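Enquirer: Sequences and hints are given; from them, build the entire structure.
These protein sequence lines map, in sequence, to chains A and B.
Counting from 1, position 71 in the first sequence corresponds to residue 71 in the working numbering; the numbering is continuous, with no gaps.
Counting from 1, position 26 in the second sequence corresponds to residue 26 in the working numbering; the numbering is continuous, with no gaps.
Since the hints were made in silico from the structure, they are not lab data.
There could be a bad hint or two in this list.
Interface residues of chain B toward chain A, partial, derived using beta-carbon atoms under 7 Å [what the hints assert, rightly or not]:
no., residue
1, Asn12
2, Glu43
3, Leu87
4, Thr100
Far from chain A, some chain B residues (derived; all Cβ distances over 10 Å) [claimed, not checked]:
no., residue
5, Glu15
6, Pro44
7, Ser49
8, Ser52
9, Asp57
10, Lys79
11, Asn94
Below, computed lysine-lysine pairings styled on DSSO-like, alpha-carbon distance capped at 27 Å [as the list claims (entries may be wrong)]:
no., chain 1, residue 1, chain 2, residue 2
12, B, Lys42, A, Lys11
13, B, Lys42, A, Lys57
14, B, Lys45, A, Lys14
These figures come from a predicted structure and were not determined experimentally.
Cβ coordinates follow ideal geometry from the N, Cα and C atoms, glycine included.
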Amino acid sequence: DTGVSQDPRHKITKRGQNVTFRCDPISEHNRLYWYRQTLGQGPEFLTYFQNEAQLEKSRLLSDRFSAERPKGSFSTLEIQRTEQGDSAMYLCASRPPGVTQYFGPGTRLTVL
Amino acid sequence: RKEVEQDPGPFNVPEGATVAFNCTYSNSASQSFFWYRQDCRKEPKLLMSVYSSGNEDGRFTAQLNRASQYISLLIRDSKLSDSATYLCVVTAGNQFYFGTGTSLTVIP
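Expert: What follows is the structure in structure tokens.
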């Protein structure tokens, strides 16, 4: 499968725990995005990487959230001290320059 | 004000019907426009790009009106398999802005 992959697909955690999600983009795509989606809403932008550089971050990305793309390939999104309001689908998307983006299957986070 | 506004529906239509979805965007500098389809508990998938001249892909026709900042999607001869949420997407710079989606159910 040469599409965008995300791991894990599902995560259940207790409030206050830290979680980390991984995204592997399509190999030739230098741009990578993270989104959060809750029920009945469209995906909300969290952050954007071009190669290894994190170029944009949403106001939604509180200081409990951090994202990295250390070698310009895979990316991780970490949420520290999770809260129930963090429960959502976390989507990763990648794209080459000038083209639209392609999404991974998402990681569904449930915070108890 | 949201970047992209869509009527969330739901739209419930019989098989074979024609249905139209509309979307408005607030940033006149928006550059690219798309419709994505999202099935329940799945990721969004690109349905089609939207061009000012209008474009068609089989039963699907997309239109863009830059002056009115308005995008539409027309689905002809609806199939049961068209049941999904349709997301309007607008870009500005490197950012992609999604509407809340319009829910469509095609009824046998």
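Enquirer: Next, verify each hint and record whether it holds.
Expert: Hint check:
Hint status for B/Asn12: violated, given a least beta-carbon distance of 17 Å to chain A, over 7 Å. Interface restraint check: B/Glu43 against chain A, minimum CB-CB distance 4 Å, threshold 7 Å, status holds. Taking 7 Å as the C-beta contact cut-off toward chain A, the hint placing B/Leu87 at the interface holds, the least distance being around 5 Å. Annotation: B/Thr100 was flagged as interfacial toward chain A, and the flag holds, the nearest CB pair being 5 Å apart, inside 7 Å.
With a least CB separation of 26 Å from chain A, B/Glu15 remains clear of the 10 Å interface cut-off, as annotated. With a closest Cβ-Cβ approach of about 5 Å to chain A, B/Pro44 is found to fall inside the 10 Å limit, against its non-interface label. Its beta-carbon lying about 7 Å from the closest one in chain A, B/Ser49 breaks the requirement of being farther than 10 Å from that chain. Every Cβ of chain A is farther than 10 Å from the Cβ of B/Ser52; the closest lies at roughly 17 Å, confirming the non-interface assignment.
Against the 10 Å criterion, B/Asp57 stays outside the reach of chain A, whose nearest CB is about 14 Å from its own CB. For B/Lys79, the condition that its CB be more than 10 Å from all CB atoms of chain A holds, with the nearest at approximately 23 Å. Not every C-beta of chain A lies more than 10 Å from that of B/Asn94, the closest at about 6 Å, which undercuts listing it as non-interface. The straight-line distance between the Cα atoms of B/Lys42 and A/Lys11 is roughly 16 Å, inside the 27 Å bound, and the hint therefore holds.
Only pairs whose Cα atoms come within 27 Å are accepted, and B/Lys42 paired with A/Lys57 is accepted, the gap being roughly 24 Å. Between B/Lys45 and A/Lys14, the direct Cα distance comes to roughly 31 Å. Violation of the 27 Å bound is thereby established for this hinted pair.
Violated hints, in rising order: 1, 6, 7, 11, 14; the structure is consistent with all others.
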